Amino acid sequence: MGTEPANGGYMVAAYVIVTVVVFGYAFSLWRRARRVLKD
Amino acid sequence: MTETIRLAIELAAKDLRVELRSRTALLSAVIFAAIVLVIFNFARDPASVSPRTLAPSVLWVTFTFAAMLTFNRGFMLEKENAAIDGLLLSPMPRAALFLGKYLANLGFVFTVEAVTLPLFVLFFNVGLGGALPALLLVTVLATAGFVAVGTVFSAMAVRTRFADLMLPVLLLPFMVPPIMGAVQVTTRLLAGRPLSEQLGWIRFLGVFDLAFLTLCAMLFPAIFDE
Amino acid sequence: MIPNSATAAATIRRGQVITAVGLVGLVIVIVLAQMFTPVEARQGLAQKIFYVHAPSAWAGLMAFSMVGITGGLYLWLRDPRLDLFAEASAEVGLAFGTIVLTTGPIWGKPIWGTWWTWDARLTLTLFLFFLFVGYMALRGAINDPSERARFSAVVGILGLLLVPFVHLSVYMFRTLHPMPVLLKPSAPSMDPRMLRTLLISIGVFTVLYIGLVTTRYGLGLMQEAKGVADGD
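Residue numbers (numbering that gives the first Met the number 0), protein chains in the order written: chain H, 0 to 38; chain X, 0 to 225; chain D, 0 to 231.
There may be inaccurate statements among the hints.
For the chain D half of the interface with chain H, some residues (derived, Cβ under 10 Å), not all of them [claimed, not checked]:
id, residue
1, Q15
2, G21
3, M34
4, I48
5, T97
6, I110
7, T113
8, G202
9, F204
In short, the hints are calculated from the structure, not lab data. All figures in this text were calculated on a predicted structure; none of them were measured in a lab. Even for Gly, the Cβ is constructed at its ideal location relative to N, Cα and C.
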């Protein structure tokens with residue numbers, strides 16, 4: 000375990016981006032849907 | 000089939016004649032090419048980067064951008080004259096319309112390239128050696144490919160807002176494979192390698208041309224139909 | 000052929016359900032990758048970026064293919080719903096493309112030593128991204144819906160044809176210019192747990208694509224339906 004390069008920060012950044020983009024886009028679609036389905 | 004080709008050549012000849020009279024697009028493309036070559040020459044540090052390394056890329060970047068300057072010209076003129084409606088009303092087969100535009104564009108770009116190449120040899124002091132025929136071959140192959148896509152996209156771009164911006168945005172991804180092949184082959188040709196070593200890229204360019212010429216000819220009518 | 004708001008609403012709801020499943024799947028993938036997949040000894044934790052980076056590229060390619068395919072179908076069948084689907088797929092593809100182009104360099108820096116590598120996946124995605132942007136720009140610049148649909152279809156189809164050529168040219172370029180590597184990524188002998196996580200992730204991203212594109216398509220349908228209803 001101790002001989003690995005210490006690059007966990009990169010991994011965290013990448014996973015954060017994926018989560019933000021996917022959930023963010025899904026959320027923006029959900030908001031558009033709510034506005035449109037209300038009528 | 001022969002009728003289509005004859006019509007296409009007629010159309011192309013008309014376009015070329017019109018442009019030869021005004022010469023605006025051709026001149027601007029040639030001047031642009033000259034300026035680019037001059038700037039590239041002064042921009043580099045002769046001690047660190049040899050012209051041999053930069054030369055192929057500079058040549059093809061110049062060809063590419065000068066070519067794009069000529070593309071919109073053909074359709075702009077006719078749009079202004081509303082001549083396109085005339086062409087559409089005629090019983091002219093759409094294949095002839097594409098082929099005509101394509102041949103005309105090809106003629107323009109070849110002309111620009113023919114003027115640029117000697118300037119390039121002059122400014123960059125590149126010895127062509129016996130590479131000229133091979134260089135011409137690769138130039139024709141690469142140009143034939145991106146002019147096909149350029150013909151389609153300029154026909155579309157001219158009917159949109161921001162026509163001058165739309166063409167490069169759409170066209171650039173399609174220019175990269177043929178230009179990449181062209182630069183790779185040009186680099187090796189200028190370094191004295193024989194053409195027989197580059198057959199992989201030559202085949203690549205050939206297949207690209209065939210595939211895109213076919214598809215572009217098939218899709219072109221979709222731009223105009225009512 | 001003109002959509003009615005009932006079908007549009009149903010499509011939106013269906014899309015939302017599928018998306019929800021996909022989102023749950025994404026959480027599962029993240030947990031799997033973090034806690035139940037071994038760390039690659041030489042590359043460290045950064046190697047795990049692969050489990051989200053590669054499936055995003057796959058989803059982006061799927062999105063792009065659908066833009067081209069539905070564009071072609073539109074030119075053949077002239078059903079405006081096909082064009083609406085293409086538009087939806089382009090937007091979703093843009094989202095996945097953004098993920099690939101941001102996680103790619105973040106993965107590349109620790110593993111390859113550079114922010115950008117001209118490898119096949121990144122280069123292709125960059126091109127697709129440019130094509131998506133051009134596609135959206137073109138759509139924004141045309142007012143007439145029929146012209147917009149036709150022109151978009153042409154770009155979509157030509158773009159689809161471009162994909163194998165980009166792939167091939169990158170491959171041909173790379174065999175002549177081998178990449179300098181800091182560490183060799185994805186060793187041939189992949190631990191079965193890593194493969195399992197990767198495959199599950201690909202499945203999840205596929206579901207996400209389907210869910211998001213269905214929702215977005217439904218929204219487009221609804222806009223059409225409402226436009227027809229109000230515009231009279």
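Going back to the hint list, which numbers does this structure go against?
3, 7 and 8
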